[in-house]
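One-letter residues, chain by chain:
2 protein chains.
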Amino acid sequence: MSQQPTSNEASWFTEAHQASGSSIGFRTEQLLHAEKTPFQTIEIHQTTDWGKLMVIDGCVMLTTRDNFLYHEMMTHPALFTHARAKRVVIIGGGDCGTLREVLKHEEVESAVQVEIDERVTRLAEQYFPELCESNHDPRAELLFIDGIKYMAEAEPDSLDLVIVDSTDPVGPAEGLFNAAFYASCHKALRHGGLLVQQSESPLAHLELIKSMRSAMRTAGFSAVKTLPFPQPCYPTGWWSCTMARKGGDLSGFRERGASAKNFPTKYYNAEIHKAALAQPEFMREAFGE
Amino acid sequence: MSQQPTSNEASWFTEAHQASGSSIGFRTEQLLHAEKTPFQTIEIHQTTDWGKLMVIDGCVMLTTRDNFLYHEMMTHPALFTHARAKRVVIIGGGDCGTLREVLKHEEVESAVQVEIDERVTRLAEQYFPELCESNHDPRAELLFIDGIKYMAEAEPDSLDLVIVDSTDPVGPAEGLFNAAFYASCHKALRHGGLLVQQSESPLAHLELIKSMRSAMRTAGFSAVKTLPFPQPCYPTGWWSCTMARKGGDLSGFRERGASAKNFPTKYYNAEIHKAALAQPEFMREAFGE
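Protein chains in written order, with the working numbering: chain A, 152 to 440; chain B, 152 to 440.
Hints were generated in silico from the structure; no laboratory data involved.
Since the list gives no way to pick out one identical chain from another, each pair is judged satisfied if it fits inside one copy or across any two copies.
Listed below are the simulated DSS-like cross-link pairs for lysine-lysine, each with C-alpha atoms no more than 30 Å apart in a straight line:
#, residue 1, residue 2
1, K361, K203
2, K255, K237
3, K412, K361
4, K425, K255
Hey, can you work out the whole structure from these sequences and the hints?
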């Protein structure tokens with residue numbers, strides 16, 4: 152998946168995304184760490200302009216500079232849509248940035264992060280300490296087990312929000328993109344509860360998004376909404392999350408709550424939340440909305 | 152600026168953006184054309200997944216697949232903000248995609264495209280014919296002269312909309328990003344008229360955007376607004392245009408007109424227009440909005 156173009160001045164880490172025939176690269180100064188875990192290969196690079204860069208199996212996971220876009224959009228739209236999310240589960244999310252954003256919400260009483268590969272979190276603690284600053288919040292619990300099994304065994308009607316912050320639908324994450332997994336999530340959620348999942352690029356992965364949305368409906372969710380947002384480090388630089396609700400719809404959100412939020416963000420605000428609900432013409436057409 | 156990483160299967164055209172330490176590349180099948188004009192070097196590549204790719208001086212200008220994002224956002228927000236734009240001038244825009252979008256508006260009575268390098272347009276006619284389909288519209292006029300001089304000599308109070316669809320602020324386009332040029336535009340516009348200019352990446356070029364906005368105000372524009380949009384082929388995959396108004400404000404637009412538009416688009420619609428007016432938290436802070 153990865154290529155290392157040469158340059159006179161510096162090295163570059165480049166991820167060639169074969170499916171879309173495009174690539175994104177970062178100029179690097181140093182390979183800080185590389186290891187093969189039982190699940191995947193993880194690399195940490197020092198870049199010249201993007202801070203630290205984490206790469207898993209040749210795919211860019213996050214950089215210090217632009218992860219705020221992804222982490223804020225994976226959390227705040229869902230948490231300001233739910234009336235009062237007390238119990239949150241994050242599937243994946245090993246870099247802990249999603250956990251940190253979730254715990255900015257006072258209404259959250261418990262947040263369980265279920266990451267299959269403990270090494271992702273240990274390396275995040277070392278190289279992205281700012282993302283891990285809420286790992287010791289008394290409301291946080293970090294489990295290093297299989298998220299698919301965890302959701303299959305979760306107590307019915309026990310959760311308010313499930314966030315699926317995973318890698319692409321290949322390798323260990325493949326089972327997170329099908330109706331069986333969504334059915335586990337649906338069962339574990341209370342009425343009015345929300346599922347939100349990273350759903351790849353609106354431009355390059357439209358068919359995958361359509362099949363995710365369809366599988367979510369098959370699993371019993373009554374409303375589905377895809378929110379696009381910019382994400383420079385992922386293929387096409389344009390990403391999305393897809394939200395699904397158990398009972399009720401997804402037409403509104405707690406706009407006053409979002410406008411009066413008592414914590415800082417770098418991308419998200421109430422206006423941006425509304426903006427992310429707007430569907431480009433080609434998505435409208437593809438989704439029949 | 153450009154690098155050609157090697158691969159077993161195919162070639163890649165990669166633009167390494169030195170200022171942001173990031174790169175974007177496309178898998179190519181064939182170099183279709185390369186020439187040095189009096190102004191710049193132009194290449195046309197056939198890509199595997201993005202159609203044709205035009206490169207000027209090593210920088211990606213457009214691809215068949217994603218140019219709709221840029222061309223629609225450079226035109227429709229401005230045209231649905233102006234009450235009735237009759238006379239439009241496009242500075243640059245040699246690929247003719249902006250001209251095509253402008254001429255979708257029935258209220259436009261004349262659209263003059265002022266491109267310094269005729270070869271850009273001739274190559275667009277050959278390799279991007281779909282973008283040039285309105286070049287022979289009786290309302291269109293194509294001039295191949297210096298846009299800075301054209302605007303300096305334009306009749307005062309004669310235009311409704313000036314669109315600056317240029318390359319980056321280096322080389323021939325450098326003079327399009329300063330207060331002297333904006334003063335020419337301001338003088339040539341009627342009261343209520345609009346200037347809209349491509350304004351680079353919100354993440355990588357925030358200081359440039361701030362200085363453009365400030366120069367527009369110095370030139371006499373009474374309101375300025377920056378609209379972000381996704382653009383996979385440009386650095387960071389996230390781009391923007393900045394709109395300025397001579398007299399009046401930029402708080403609203405003709406939302407009913409946009410909702411009832413009688414022409415097709417792939418990205419733009421009334422909801423997307425509203426969404427583009429939302430400012431991410433870090434932009435709000437940078438602009439003091």
